[in-house]
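Undergrad: These protein sequence lines are chains A and B, in that order.
Once you know that position 21 of the first sequence is 21 in my numbering, the rest is easy, because the numbers rise by one and skip nothing.
Once you know that position 87 of the second sequence is 87 in my numbering, the rest is easy, because the numbers rise by one and skip nothing.
FYI, nobody ran anything at the bench for these hints, they're computed from the structure.
Treat the hints with care, as some may be off.
Since copy identity is lost for identical chains, a pair holds within one copy or between any two.
[As the list claims (entries may be wrong)] In silico SDA-like pairs for lysine to any residue, Cα to Cα no more than 20 angstroms straight-line:
{"hint": "1", "residue 1": "K112", "residue 2": "V129"}
{"hint": "2", "residue 1": "K109", "residue 2": "I95"}
{"hint": "3", "residue 1": "K121", "residue 2": "Y134"}
{"hint": "4", "residue 1": "K121", "residue 2": "E107"}
{"hint": "5", "residue 1": "K160", "residue 2": "T2"}
{"hint": "6", "residue 1": "K121", "residue 2": "S11"}
{"hint": "7", "residue 1": "K145", "residue 2": "N130"}
{"hint": "8", "residue 1": "K160", "residue 2": "V65"}
{"hint": "9", "residue 1": "K145", "residue 2": "A135"}
{"hint": "10", "residue 1": "K160", "residue 2": "R47"}
{"hint": "11", "residue 1": "K44", "residue 2": "D146"}
{"hint": "12", "residue 1": "K58", "residue 2": "S73"}
{"hint": "13", "residue 1": "K22", "residue 2": "I105"}
{"hint": "14", "residue 1": "K44", "residue 2": "T69"}
{"hint": "15", "residue 1": "K112", "residue 2": "A70"}
{"hint": "16", "residue 1": "K58", "residue 2": "L30"}
{"hint": "17", "residue 1": "K145", "residue 2": "V129"}
{"hint": "18", "residue 1": "K22", "residue 2": "I147"}
Single-letter residue listing:
Number of protein chains: 2
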Amino acid sequence: MTIAWGRICCSAPPHLTISIRKAAHTYAALMYRKCYTVSVPSLKYLRETDYFGMASDKDVDKFSVSRLTATRSEIIDTPYVDEFPMIFDFEVKSIVEIGGHVQFIGEIKGIKVDEDVLNEKGLPIIDKVNSFIYAPTTREYWSLKDIVGKGFSSGRVFMK
Amino acid sequence: MTIAWGRICCSAPPHLTISIRKAAHTYAALMYRKCYTVSVPSLKYLRETDYFGMASDKDVDKFSVSRLTATRSEIIDTPYVDEFPMIFDFEVKSIVEIGGHVQFIGEIKGIKVDEDVLNEKGLPIIDKVNSFIYAPTTREYWSLKDIVGKGFSSGRVFMK
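Just chain A, same shape as in the assembly (with noise of 0.2 angstroms):
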C-alpha cells in the first residue's frame, strides 16, 4: 500500500512509524507479521505509487496490474518493490492506537539502495533517488528542486 503517513522518528537505533486505517488491507498482515518493508520510489514510478494507494489487494493483484515485481525480503517475511532505488525492512517494536489511524513503530534491520544514487560515502544523494513529497491536503505530488542550504551550518550566522 502506498502510505501518506510515515517518519523517522528516532535516529538511535534507528526506527520508523507508518500509520494506517484498521480498514487497510495491510493492516491484518502488518498486525500478523509484525514487520514491514518500505520501499522509497523514484519519480519514474509515481503513477504506479498513486495507484497502489488507490486500489486493494482485497480486490486485485496490484503488482500484477502495475507491472512492478514484488521480491521477497532476505532479512524479514514481506515482499518489497524491486524497481524502487531505496528499501528499508522493519520490525514492529510498538503499536500505538491514536484516533482513526493506527501507528506502527518499526526498528530498522535491513537496508537496501541501488549503488548508483549513492555518494562516495555511502550515503543518498537526494536528486538521484529522485522521490517526490506529498501534500495531502491538495493531493499534490511535488519534485524536489535544489539544495537550498546545509543543516548545521546555514545557522551559523547567528552563532556568537
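Given chain A, put chain B in place with the hints provided.
TA: Positioned in the frame of chain A, the structure of chain B alone reads:
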C-alpha cells in the same frame, strides 16, 4: 527547537508526532506543559530555522539572537514563531520511549495560517508557503520544484 523527526500520524482526529532526545532543553518543557506548537518556516527563514537546531536556550535566548518574535498561542500555553506562515497547536496525548528519542503524539487544537498562502478553499498553496525539506543523512535542505502528479488521480491509468 528545530525538529527533524515529525509528521502527521492520524487524519481523524488530526494528530502529529514529534521525536526529541531527553537531553534537549525542550524535553523538560514538554513534559511539564504537555503541549506544543509547531511553526512551519518559509524559505526566507532557513538560516533562523537551522540556528534553532544548533543553539540551546540553556545558553542563549534564540528568539532574541535571531530577531524572531515569540508570540503566545491563544489556545495553549506555549509560544510560536510569529513570522512563520503556518502554526499548529497540540496537546500531548501519548508519550512513547523508543531509543535515543522519545516520541510525543499530539492532537491538533488550533491552526493559524497566513491568509495569503491559502487558496479559495482555505487550503495551503504549497509554493506560497514555500517551505523546505531536510535530508538528514547528507544534512541538506531542499526546496520544492513542481507539481508532478495528483493524488488518487495519477494512478487511474491502472484502474480497470
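Undergrad: Take the hints in turn and mark each one as holding or not.
TA: Hints and how they fare:
Proximity of K112 to V129 under the C-alpha cut-off of 20 angstroms is restricted to the intra-copy arrangement: shortest distance 13 angstroms within a copy versus 34 angstroms between copies. Taking the closest pair of Cα atoms, K109 and I95 come within 20 angstroms of each other only inside a single copy of the chain (17 angstroms); across copies the shortest separation is 24 angstroms, beyond that limit. Within a single copy, K121 and Y134 get their C-alpha atoms only as close as 28 angstroms, which misses the 20 angstroms cut-off; across copies the closest is 19 angstroms, which meets it. Within a single copy, K121 and E107 get their C-alpha atoms no closer than 23 angstroms, and across copies no closer than 39 angstroms, so neither meets the 20 angstroms cut-off.
Proximity of K160 to T2 under the C-alpha cut-off of 20 angstroms is restricted to the inter-copy arrangement: shortest distance 19 angstroms between copies versus 45 angstroms within a copy. Only within a single protomer do K121 and S11 lie at most 20 angstroms apart by alpha-carbon distance; the minimum there is 19 angstroms, versus 38 angstroms between protomers. Taking CA atoms no more than 20 angstroms apart as the test, K145 paired with N130 passes in both settings, with 10 angstroms inside one copy and 12 angstroms between copies. Within a single copy, K160 and V65 get their C-alpha atoms only as close as 58 angstroms, which misses the 20 angstroms cut-off; across copies the closest is 9 angstroms, which meets it.
In this homomeric assembly, K145 and A135 come within 20 angstroms of each other (Cα to Cα) both inside a single copy, at 16 angstroms, and across copies, at 13 angstroms. In this homomeric assembly, K160 and R47 come within 20 angstroms of each other (Cα to Cα) only across copies, at 14 angstroms, whereas the closest approach inside a single copy is 49 angstroms. Proximity of K44 to D146 under the C-alpha cut-off of 20 angstroms is found in both arrangements, the shortest distances being 19 angstroms within a copy and 15 angstroms between copies. Proximity of K58 and S73 under a CA criterion of 20 angstroms is satisfied in neither setting, with 22 angstroms inside one chain copy and 45 angstroms between copies.
Proximity of K22 and I105 under a CA criterion of 20 angstroms is satisfied in both settings, with 15 angstroms inside one chain copy and 19 angstroms between copies. In this homomeric assembly, K44 and T69 come within 20 angstroms of each other (Cα to Cα) only inside a single copy, at 15 angstroms, whereas the closest approach across copies is 42 angstroms. Taking the closest pair of Cα atoms, K112 and A70 come within 20 angstroms of each other only inside a single copy of the chain (14 angstroms); across copies the shortest separation is 43 angstroms, beyond that limit. In this homomeric assembly, K58 and L30 come within 20 angstroms of each other (Cα to Cα) only inside a single copy, at 15 angstroms, whereas the closest approach across copies is 42 angstroms.
For a Cα distance limit of 20 angstroms, the shortest separation of K145 from V129 qualifies both inside one copy, at 13 angstroms, and across copies, at 15 angstroms. For the homomeric pair K22 and I147, neither the shortest alpha-carbon distance inside one copy (38 angstroms) nor that between copies (30 angstroms) is at most 20 angstroms.
In summary, the numbered hints that this structure violates are 4, 12, 18.
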